[in-house]
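**Q** Chain by chain, the residues run as shown.
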Amino acid sequence: MLAPRLQKAINASRSFHLARVMSMRGPLTFDGWYPRDHKPSAPPTNEAERRAAAVKYGLRPEDYHSMDKDDVVKFAGDYPDLGIITYDHKDPYEAWTDRQNRRNWGELVPIDMMRYRGDRLTFTGLEAEDYTTWGSIVMCLRVLVPMALIAWYFCNDDPNALRWRNPAMPKQYPYDFYRAYPFDDPRKYPIVNYSFDLE
Amino acid sequence: MGTKLSVSLEGANSPETAPRVDRPPTFDPQYGFERPRKVREMKATWEEMEQWKLKPGQRDYCAHHLISLMKCQTQNAPFAGHACDGERGAWDKCEYDDHIMRIKEFERERRLLQRQARKEQTA
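The listed protein sequences correspond, in order, to chains P and U. Each residue of the first sequence is one higher than the one before, starting from 1 at the first, in UniProt numbering. Each residue of the second sequence is one higher than the one before, starting from 1 at the first, in UniProt numbering.
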């Protein structure tokens, strides 16, 4: 006995509808949100258009400065030029909506915002004040000097230097291999060693 | 416990009475014994060691145990497994005893050096 759903699938003349799959293609969409409302339009040419663009981006008309048309990297229609606003220009003690990036909800984003994030460039020069020639030299030396001291200590071939040593004499061999090295026969240089057993 | 540390510190702080571990004992090997010590006997012959291609470091006083172990392993090849445990144990025991003897030699050398220093001080 087959389940009713399986029975239905078998009876259906077409189990695969292409239109169902094709309708799933295309951009991600949200109800009530249209890209055309957020797309920059053409740059303003007269005062009325300039005021309208300022209103569109939530700026006062005197704060609205249109982007230089020849700046092909940043130019995007009527999107305003907000100047350079870096992470460090913003007050760290303000109650930001997003404290990590120091941004408020709905705040207008400079078009080159990604270049001036908190973990990217800053133009305040505060970190440049921390740099000194001797500071960086000391930073290298505090690694290199201990390495040199450790290397000197472990390369010290003074037999009486402080180092780990085992309380054991060298291993005894019946032939003097060192003396015969490299081409001589060790059998010509036998060594007599004594055990601790007495005769 | 602590032997290695005390030996290391002694070697650094009083090098005159600490044995040098990179050379054989410096005193007469028979000194201070009631009867003469036995000469260590090399049981493996040179021809055997050549036949089994032993390296110079393996041609010590335990070479005959090593040769019997290798012989057993070739006889039971390729499934030697635990078949040669007896031979292996004998070889390990021989090497262990050899190391114990080296430690005894060290201690003898150390005590003789200290004794010599004492005698020079009183003289």
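The set of hints was computed from the structure by calculation and includes no laboratory data. Do not take every clue at face value.
[Stated by the list, open to error] Straight-line C-alpha distance at most 25 angstroms; calculated SDA-like pairs for lysine to any residue:
(1) LYS56/P / ASN46/P
(2) LYS53/U / PRO182/P
(3) LYS4/U / PRO182/P
(4) LYS188/P / LYS104/U
(5) LYS104/U / ALA90/U
**Q** Against this structure, judge whether each hint is valid.
**A** Hints, one by one, checked against the model:
1. Of the supplied pair hints, the one linking LYS56/P and ASN46/P holds, its CA atoms being roughly 15 angstroms apart against a limit of 25 angstroms.
2. Between the alpha carbons of LYS53/U and PRO182/P the distance comes to roughly 17 angstroms, so the proposed pair stays at or under 25 angstroms and holds.
3. Annotation: proposed proximity of LYS4/U to PRO182/P is violated, straight-line Cα distance about 35 angstroms (limit 25 angstroms).
4. The straight-line distance between the Cα atoms of LYS188/P and LYS104/U is roughly 29 angstroms, outside the 25 angstroms bound, and the hint therefore fails.
5. A threshold of 25 angstroms between alpha carbons decides the hint, and for LYS104/U with ALA90/U the separation of about 21 angstroms falls inside it, so the pair holds.
The structure is inconsistent with the numbered hints 3, 4, although it conforms to all the rest.
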